[in-house]
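Student: Protein chains in written order, with numbering that gives the first Met the number 0: chain Y, 0 to 142; chain W, 0 to 142; chain S, 0 to 142; chain R, 0 to 142.
Source of the hints: derived by calculation from the structure; they are not laboratory data. All values derive from a computational prediction rather than experimental measurement. Glycine included, each C-beta is placed from N, C-alpha and C at the ideal position. There may be inaccurate statements among the hints.
Stated by the list, open to error - Subject to a maximum C-alpha distance of 25 Å in a straight line, what follows is the list of computed SDA-like cross-link-like pairs (lysine to any residue): (1) W:K96 <-> Y:R121; (2) R:K96 <-> Y:A40; (3) S:K96 <-> S:D119; (4) S:K106 <-> S:W95; (5) Y:K59 <-> W:K96; (6) Y:K106 <-> Y:I42; (7) Y:K59 <-> Y:R126; (8) S:K59 <-> R:R73; (9) W:K59 <-> Y:A89; (10) W:K106 <-> S:E35; (11) R:K96 <-> S:D119; (12) W:K96 <-> Y:P56; (13) S:K106 <-> R:R73; (14) R:K96 <-> S:S120; (15) S:K96 <-> S:V110; (16) W:K59 <-> Y:P67; (17) W:K96 <-> Y:T8; (18) W:K96 <-> S:A38.
Stated by the list, open to error - Between beta-carbon pairs, the in silico distance windows are: (19) S:R123 <-> Y:T122: 31 to 37 Å; (20) R:E124 <-> Y:A99: 32 to 38 Å; (21) Y:T122 <-> R:P129: 55 to 61 Å; (22) R:R107 <-> Y:A38: 19 to 25 Å; (23) R:A142 <-> W:G41: 33 to 39 Å; (24) W:L65 <-> S:A39: 46 to 52 Å; (25) S:T122 <-> Y:A99: 48 to 54 Å; (26) W:A142 <-> R:A4: 28 to 34 Å; (27) W:E124 <-> R:D137: 55 to 61 Å.
Said to hold, decoys possible - Computed footprint of chain W on chain S, listed as stretches where at least three residues anywhere in the stretch have a Cβ under 8 Å from a Cβ of chain W: (28) 33-46; (29) 68-82.
Take a look at the letters that make up each chain.
Number of protein chains: 4
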Amino acid sequence: MAAFAYARTIHFPDTDAAGVVFFARYLFICHEAYEEALAAAGIPLATFFADTGLVIPIAKSEATYLRPLLCGDRLGVEVAPTRLTADSFALDFVLWKLPAAGAAAPKRAAVARTEHVCIDSRTRERRPLPPALAAWVDAATAA
Amino acid sequence: MAAFAYARTIHFPDTDAAGVVFFARYLFICHEAYEEALAAAGIPLATFFADTGLVIPIAKSEATYLRPLLCGDRLGVEVAPTRLTADSFALDFVLWKLPAAGAAAPKRAAVARTEHVCIDSRTRERRPLPPALAAWVDAATAA
Amino acid sequence: MAAFAYARTIHFPDTDAAGVVFFARYLFICHEAYEEALAAAGIPLATFFADTGLVIPIAKSEATYLRPLLCGDRLGVEVAPTRLTADSFALDFVLWKLPAAGAAAPKRAAVARTEHVCIDSRTRERRPLPPALAAWVDAATAA
Amino acid sequence: MAAFAYARTIHFPDTDAAGVVFFARYLFICHEAYEEALAAAGIPLATFFADTGLVIPIAKSEATYLRPLLCGDRLGVEVAPTRLTADSFALDFVLWKLPAAGAAAPKRAAVARTEHVCIDSRTRERRPLPPALAAWVDAATAA
């Protein structure tokens with residue numbers, strides 16, 4: 000599988016007054032997994048997300064929420080990139096609720112997908128993905 | 000139109016290091032508009048989102064991001080409910096970037112949709128929407 | 000009184016699994032009141048918080064939490080600036096829990112104080128407050 | 000030293016439009032370190048922060064911000080509890096900015112302190128710390 004695995008504990012401020020993680024916060028966790036995958040591919044985060052002429056905003060997101068998450072729950076996140084066009088790619092995420100020691104198998108807590116488009120930050124015109132990012136996306140797409 | 004309008008200024012902590020509002024934060028703003036619409040329909044927020052036996056989690060979300068939002072930008076949010084089944088409904092959101100005084104017409108900053116399912120918080124089995132919520136959804140669906 | 004008043008409803012994602020607003024989130028609300036006060040003084044937010052050579056980070060914060068806040072609660076926030084030195088100022092905040100119609104008087108939910116220092120964003124050396132900000136701070140300090 | 004160490008990478012949504020971590024978000028990171036320390040002491044998070052009759056809200060916080068934090072920065076957080084009274088304790092935090100491989104020594108990014116009071120969630124009257132929490136606090140205080 001071409002996916003990257005990121006592990007994360009659910010913290011108290013991730014939760015809301017229903018006692019579980021707020022739906023939009025799952026997407027923050029997905030983005031953390033994306034960042035960890037970039038860092039593991041040697042792409043430096045300090046400059047990647049800053050505006051250096053090119054920016055790579057998220058154009059679409061969708062998520063299906065399958066299980067509630069509680070403070071202290073342990074998550075594993077898979078992230079798999081797919082090339083869409085010369086200037087865009089998608090990320091598919093699976094969030095797994097990891098069992099406590101001795102318990103049953105992991106269960107899916109959510110699945111999500113984001114679409115990313117590379118643009119010139121001044122003209123907002125589409126631009127090809129920068130080489131290091133393209134290499135990461137294409138290696139995973141081919142895997 | 001069956002939509003509710005909610006107005007909101009973009010604040011500094013809504014933004015990220017790219018200088019604009021983080022994609023998942025648009026969904027927080029959508030939820031604020033949902034809350035204001037419920038309050039305007041006479042549904043008390045203090046108890047609606049607490050676990051009182053019935054909970055109404057979000058099962059799906061999707062969003063298309065059309066324009067970046069900056070600190071100080073003024074937003075208008077429309078929210079329109081649609082009945083799906085006896086125990087579920089959808090909300091469609093349009094986020095409008097409002098012009099400064101004397102400027103051009105509002106432009107769409109994003110559109111989003113969330114799906115909500117009413118369940119028993121212990122058994123996780125589906126339950127009909129509570130009456131006040133059903134009335135609000137059905138009035139808008141019929142409009 | 001030299002204070003500025005900002006009104007704000009507590010939203011669901013402001014809360015945590017204890018059912019109330021998370022302590023650090025009170026400081027986000029204080030910052031919103033600071034932004035509204037700046038905007039009311041004619042200082043444009045879109046550029047104020049961006050790095051334009053000068054930045055004005057917060058060097059210290061302190062808060063005392065007096066009452067829990069629930070989803071749907073209505074808050075009023077006072078913010079009063081005080082000049083400290085040529086390159087720094089403080090903000091004192093009072094967060095009032097506003098009563099429902101016909102109910103008793105407002106009660107203090109929290110008090111907070113932040114200290115702000117103006118620096119050159121490259122050298123990190125202290126710089127005098129920019130004129131529009133200094134005018135706002137000094138008018139309030141003198142009031 | 001009686002402190003607990005927690006390591007954490009700064010993620011993109013931790014940052015704001017000034018390109019650095021928003022001041023109040025440092026306190027979220029402190030709370031994560033507190034949670035990890037509790038978990039390491041065998042105190043289950045899923046129930047600790049829920050309202051089970053006793054709640055332990057934060058009554059005061061203060062922080063001094065010493066260095067900006069960027070996306071991708073690596074932090075180490077020390078947390079040291081101190082007993083105050085039968086029903087309260089304080090936590091002292093030091094946030095260290097960890098150097099990249101081969102770089103200089105860690106530098107302090109912030110120090111913070113929170114005060115916690117145990118109360119009955121219905122009457123809001125003070126109650127002694129529950130035994131497992133008291134044991135953790137007192138072991139560290141005595142160290």
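Student: Each hint needs a verdict: does it hold in this structure or not?
Tutor: Right, here's what the structure says about each hint:
Only pairs whose Cα atoms come within 25 Å are accepted, and K96 (chain W) paired with R121 (chain Y) is accepted, the gap being roughly 19 Å. Pair hint K96 (chain R) plus A40 (chain Y) holds up; C-alpha atoms about 23 Å apart against a cutoff of 25 Å. Straight-line distance between C-alpha atoms of K96 (chain S) and D119 (chain S) comes to about 38 Å, which puts the hinted pair past the 25 Å bound. Pair hint K106 (chain S) plus W95 (chain S) holds up; C-alpha atoms about 5 Å apart against a cutoff of 25 Å.
For the given pair, K59 (chain Y) sits about 18 Å from K96 (chain W) by alpha-carbon distance, which is consistent with the 25 Å threshold. Between K106 (chain Y) and I42 (chain Y) the CA atoms are separated by roughly 31 Å; this puts the pair beyond 25 Å, and the hint is violated. A distance of roughly 18 Å separates the Cα atoms of K59 (chain Y) and R126 (chain Y); the hinted pair therefore holds under the 25 Å criterion. Among the hinted pairs, K59 (chain S) with R73 (chain R) is consistent with the structure: their alpha-carbon atoms are about 22 Å apart, no more than 25 Å.
Restraint check for K59 (chain W) and A89 (chain Y): satisfied, since their Cα atoms lie roughly 18 Å apart, inside the 25 Å limit. For the suggested pair K106 (chain W) and E35 (chain S), the alpha carbons sit about 23 Å apart, so the restraint of at most 25 Å is met. Of the pairs offered as hints, the one joining K96 (chain R) and D119 (chain S) holds, with about 21 Å between alpha carbons and a cut-off of 25 Å not exceeded. Proximity of K96 (chain W) to P56 (chain Y) is assessed by CA-CA distance (about 18 Å); at most 25 Å being required, the pair is judged to hold.
Using a Cα cut-off of 25 Å, the hinted pair K106 (chain S) and R73 (chain R) is violated, with the two alpha carbons roughly 41 Å apart. With a C-alpha separation of about 19 Å, the suggested pairing of K96 (chain R) with S120 (chain S) holds against the 25 Å cut-off. The hinted pair formed by K96 (chain S) and V110 (chain S) meets the criterion: a straight-line CA distance of about 12 Å does not exceed 25 Å. Distance restraint check for K59 (chain W) and P67 (chain Y): the Cα-Cα separation of roughly 13 Å lies within the 25 Å cut-off, and the hinted pair is therefore satisfied.
Between K96 (chain W) and T8 (chain Y), the direct Cα distance comes to roughly 36 Å. Violation of the 25 Å bound is thereby established for this hinted pair. Taking the CA atoms of K96 (chain W) and A38 (chain S), the gap is near 18 Å; set against the 25 Å cutoff, the hint holds. Range check, R123 (chain S) to T122 (chain Y): about 33 Å between beta-carbon atoms, so the 31 to 37 Å window is met. The supplied range of 32 to 38 Å is met by E124 (chain R) and A99 (chain Y), whose beta-carbon atoms lie about 35 Å from each other.
Taking 55 to 61 Å as the suggested C-beta distance range, the pair T122 (chain Y) and P129 (chain R) conforms, at roughly 60 Å. A beta carbon spacing of about 24 Å between R107 (chain R) and A38 (chain Y) agrees with the range 19 to 25 Å that was offered as a hint. Checked against the hint of 33 to 39 Å, the C-beta distance between A142 (chain R) and G41 (chain W) comes to roughly 56 Å, which is inconsistent with it. With their beta carbons about 30 Å apart, L65 (chain W) and A39 (chain S) fall outside the hinted range of 46 to 52 Å.
For the pair T122 (chain S) and A99 (chain Y), the beta carbons lie near 51 Å from each other, so the given range of 48 to 54 Å is met. Taking the beta carbon of each, A142 (chain W) and A4 (chain R) are about 58 Å apart, not inside 28 to 34 Å as hinted. Distance hint check for E124 (chain W) and D137 (chain R): the Cβ-Cβ separation is about 45 Å, which falls outside the suggested range of 55 to 61 Å. With a threshold of 8 Å between beta carbons, the proposed coverage of the region 33-46 of chain S by chain W holds, since 6 of its residues qualify and at least three are required.
Only residues whose beta carbon comes within less than 8 Å of a beta carbon in chain W count, and the region 68-82 of chain S has 4; three or more means the coverage holds.
The structure is inconsistent with the numbered hints 3, 6, 13, 17, 23, 24, 26 and 27, although it conforms to all the rest.
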